[in-house]
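Engineer: Construct all of the structure, not just a fragment, from the sequences and the given hints.
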Amino acid sequence: MKRTHFILFALLIAGCSSSSIIAKSSDHLNGPYQRIFVVINSSYRAEKFIKAFTSNVKEEFDQRNITSEILIKTDTAREISQKIVDFNPDAILIIDQTAGVAYNIGNGGSSNGATFDLKLYDKTPDNLAWKGSLKVFGDFGISTATTKATNYFIARLEYDKIITKL
47 MKRTHFILFA LLIAGCSSSS IIAKSSDHLN GPYQRIFVVI NSSYRAEKFI
97 KAFTSNVKEE FDQRNITSEI LIKTDTAREI SQKIVDFNPD AILIIDQTAG
147 VAYNIGNGGS SNGATFDLKL YDKTPDNLAW KGSLKVFGDF GISTATTKAT
197 NYFIARLEYD KIITKL
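Numbering-wise (the working numbering), the sequence shown opens with residue 47 and increments by one.
It should be emphasised that the hints constitute simulated quantities derived from the structure, not laboratory data.
Every residue gets a Cβ at the ideal spot worked out from N, C-alpha and C, and that includes glycine.
Now the in silico label distances, taken between C-beta atoms and shown as ranges:
id, residue 1, residue 2, range
1, T122, D172, 14 to 22 Å
2, S71, S189, 25 to 33 Å
3, L174, Q80, 13 to 21 Å
4, R124, A201, 32 to 40 Å
5, E125, Y205, 31 to 39 Å
Straight-line alpha carbon distances no greater than 30 Å define the calculated DSBU-like cross-link-like pairs of lysine-lysine that follow:
id, residue 1, residue 2
6, K194, K211
7, K119, K169
8, K181, K70
Structural biologist: Structure follows, in structure tokens:
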């Protein structure tokens, strides 16, 4: 009986923060890329996660000598387009939050899960090269959730040869 309780407890602890990613490449994928422009569109409830996630991703890109610009969408489409043109990227990565799980919704609320649609375009926004979905869930703090999400995200980008592997 005690063994069953321990296993159940271990499963609950392990399952309290998780991430998963599925993705598919096209024939237009010409990685690994050296200049990546990232645009993130998310809800205000995911703000803490997004800030930590973008910081982690930027650090991973820097370790690989990838020049990147990460923009959390607040500008108009025209302003974003101009920033992309000015940056002259090899690839454009669009991250759109498509779902969120929230609790304690009153007084600002909190979020403990989200799904992000991922699309990578080779040089221009009409040349889709890769797409995926990142699911993140965490109850034990933003740090654990962002670390797991970053690890899954970077591992998939490496696997699909979008970025170089360390």
